[in-house]
Amino acid sequence: MIFNVTGRLLDACVLGLLREKDTYGYDLNQQIAKYMEISESTLYPVLRRLTKENALISYDVPFDGRNRKYYHITDVGKTILEEYQENWKTHSHIVTTLLEGGMEDEKGNISKKLG
Amino acid sequence: MKKEIYLKNLDKQLKNFPEDEKKDILDYYEEYFQEIGDEEEEMKQLPHPKELGRALKKGIEQTDEFDVTAIIEERKRFVSLGACASAKKQLLFLLMYTLVVTGIYDFLLAFFHNTNTFVQQETGAATLLLVSSWVLMVLGFAVALYFSLKMQWFVPLNNGFQYYYFVYLLVPPLLVVGFLKMTHLPYVFSPVTVFLDTLEMSTVPSRFLAYQAWNYLTLHVPVYFFFFVAILVLLPMNFMYHKKALVVE
Numbered sequence: 246m247i248f249n250v251t252g253r254l255l256d257a258c259v260l261g262l263l264r265e266k267d268t269y270g271y272d273l274n275q276q277i278a279k280y281m282e283i284s285e286s287t288l289y290p291v292l293r294r295l296t297k298e299n300a301l302i303s304y305d306v307p308f309d310g311r312n313r314k315y316y317h318i319t320d321v322g323k324t325i326l327e328e329y330q331e332n333w334k335t336h337s338h339i340v341t342t343l344l345e346g347g348m349e350d351e352k353g354n355i356s357k358k359l360g
Numbered sequence: 002m003k004k005e006i007y008l009k010n011l012d013k014q015l016k017n018f019p020e021d022e023k024k025d026i027l028d029y030y031e032e033y034f035q036e037i038g039d040e041e042e043e044m045k046q047l048p049h050p051k052e053l054g055r056a057l058k059k060g061i062e063q064t065d066e067f068d069v070t071a072i073i074e075e076r077k078r079f080v081s082l083g084a085c086a087s088a089k090k091q092l093l094f095l096l097m098y099t100l101v102v103t104g105i106y107d108f109l110l111a112f113f114h115n116t117n118t119f120v121q122q123e124t125g126a127a128t129l130l131l132v133s134s135w136v137l138m139v140l141g142f143a144v145a146l147y148f149s150l151k152m153q154w155f156v157p158l159n160n161g162f163q164y165y166y167f168v169y170l171l172v173p174p175l176l177v178v179g180f181l182k183m184t185h186l187p188y189v190f191s192p193v194t195v196f197l198d199t200l201e202m203s204t205v206p207s208r209f210l211a212y213q214a215w216n217y218l219t220l221h222v223p224v225y226f227f228f229f230v231a232i233l234v235l236l237p238m239n240f241m242y243h244k245k246a247l248v249v250e
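Taken in order, these protein sequences are the chains called A and B. Counting in this note's numbering, the first sequence runs from 246 upward without gaps. Counting in this note's numbering, the second sequence runs from 2 upward without gaps.
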């Protein structure tokens with residue numbers, strides 16, 4: 246992928262995935278890796294920060310004689326995610342419009358430029 | 002690279018991280034590698050531990066930049082642990098220390114210098130001067146040790162060198178100097194005065210000058226030299242440590 250998904254956008258992706266179901270670091274990495282390139286060093290800082298912001302909590306689940314650290318989205322996390330989703334709608338709309346050569350009409354609606 | 006070796010190497014790369022953060026990261030990657038299992042191909046694709054450590058540091062710094070509260074929390078954590086103090090505070094401490102120890106010492110010297118009785122009836126006054134200055138030096142070190150150890154004003158440096166160790170470095174030479182001063186009274190017996198005696202130039206002012214010269218050579222030069230090293234070498238190293246540890250104060 247030419248465009249990097251980093252920072253808040255990656256936060257939003259992680260929160261989105263975790264809203265579906267709780268999971269552990271490696272699994273999250275693999276899920277994201279299905280769609281885009283992600284380095285082993287990318288996810289840890291994101292999980293760390295989201296946990297610090299109380300958007301996630303973690304708990305241990307015994308597996309195969311060891312523990313897996315599962316991440317769970319909190320209510321704070323869900324609120325943040327909703328905000329991100331709203332924001333992304335506008336943001337992606339603007340970017341798509343600009344990329345495809347759109348323009349704003351008098352009413353403030355973005356329409357496609359003709360010709 | 003084997004997992005254990007990889008984790009060990011990663012551990013080395015994380016030496017600037019706070020302990021709990023380091024543990025968190027190592028736990029994360031240990032679990033990560035256990036998930037990979039025995040698939041060597043996937044292990045091969047991992048970045049070098051050095052690169053991973055660097056990327057993590059950068060990642061953590063960058064993500065923290067987004068959120069001011071995270072940085073404040075981080076600072077609080079460092080400060081509350083008492084693990085470090087600002088370099089400004091340390092510089093102030095060094096200056097205070099220099100002033101207290103050498104300043105009072107010099108003041109006493111100057112005070113006795115201006116009274117001719119000292120020069121004429123040397124033994125009693127000279128002993129008083131030497132004993133009191135020696136006591137002051139010991140007190141100065143006690144203060145330095147107290148603040149550096151109890152209040153942990155000094156932090157361990159990246160290379161494992163403890164900043165406050167330099168205080169210990171100063172103790173033996175100065176104890177020797179203090180002992181020599183008490184027992185031999187360099188005012189009378191310094192090599193310079195002995196030299197002047199052999200030249201038959203030993204007048205009262207020249208004896209006092211010789212005493213001062215000897216005093217500066219044995220006490221002041223080493224003291225100022227160590228402070229010079231401390232301020233010019235160790236403090237910048239400490240600044241770098243603070244910068245790396247994400248602490249801004």
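Among the clues, some could well be false.
To be verified - Okay, derived cross-link-like pairs now, DSBU-like style, lysine-lysine, Cα gap no bigger than 30 Å in a straight line:
| # | chain 1 | residue 1 | chain 2 | residue 2 |
| --- | --- | --- | --- | --- |
| 1 | B | K24 | A | K314 |
| 2 | A | K334 | A | K279 |
| 3 | A | K334 | B | K16 |
| 4 | A | K323 | B | K16 |
| 5 | A | K279 | B | K16 |
| 6 | A | K323 | B | K58 |
| 7 | A | K334 | B | K51 |
| 8 | B | K24 | B | K3 |
| 9 | B | K58 | B | K16 |
Unchecked claim - Partner residues aside, some chain A positions facing chain B, computed with beta carbon under 10 Å:
| # | residue |
| --- | --- |
| 10 | R264 |
| 11 | K266 |
| 12 | L292 |
| 13 | P307 |
| 14 | H317 |
Claimed, not checked - Which stretches of chain B does chain A cover? Using the computed rule of at least three CB atoms under 8 Å from a CB of chain A, they are:
| # | region |
| --- | --- |
| 15 | 21 to 28 |
| 16 | 48 to 58 |
If you're looking for bench data, these hints aren't it; they were derived computationally from the structure. From the three backbone atoms N, C-alpha and C, an ideal C-beta is built for every residue, glycine too.
Now the hints, each set against the structure:
This hinted pair checks out: B:K24 and A:K314 have alpha carbons roughly 14 Å apart, not beyond 30 Å. Pair hint A:K334 plus A:K279 holds up; C-alpha atoms about 23 Å apart against a cutoff of 30 Å. The straight-line distance between the Cα atoms of A:K334 and B:K16 is roughly 42 Å, outside the 30 Å bound, and the hint therefore fails. Restraint check: the Cα-Cα separation between A:K323 and B:K16 comes to about 35 Å, which exceeds 30 Å; the hinted pair is violated.
Under the criterion of a C-alpha separation no larger than 30 Å, the hint pairing A:K279 with B:K16 is inconsistent with the structure, at around 33 Å. At roughly 28 Å between alpha-carbon atoms, A:K323 and B:K58 fall within 30 Å of each other, so this suggested pair holds. Of the pairs offered as hints, the one joining A:K334 and B:K51 is violated, with about 39 Å between alpha carbons and a cut-off of 30 Å exceeded. Pair hint B:K24 plus B:K3 holds up; C-alpha atoms about 19 Å apart against a cutoff of 30 Å.
Restraint check for B:K58 and B:K16: the C-alpha separation of about 11 Å stays at or below 30 Å, so the hint holds. Because the closest C-beta pair between A:R264 and chain B is about 20 Å apart, greater than 10 Å, the hint is violated. Evaluation of the A:K266 hint against chain B yields a violated restraint, the C-beta minimum of about 17 Å exceeding 10 Å. Hint on A:L292 holds. Least Cβ distance to chain B is approximately 8 Å, under the 10 Å limit.
Of the supplied interface hints, the one on A:P307 is violated, with its beta-carbon coming no nearer than about 12 Å to a beta-carbon of chain B, more than 10 Å. The interface hint given for A:H317 is broken, as the beta carbon of that residue sits about 16 Å from the closest beta carbon of chain B, more than 10 Å. Under the rule that three or more residues need a Cβ within less than 8 Å of chain A, the assignment of the region 21 to 28 of chain B holds, with 3 such residues. A count of 5 residues in the region 48 to 58 of chain B with a Cβ less than 8 Å from any Cβ of chain A is obtained; the coverage claim is therefore met, three being the minimum.
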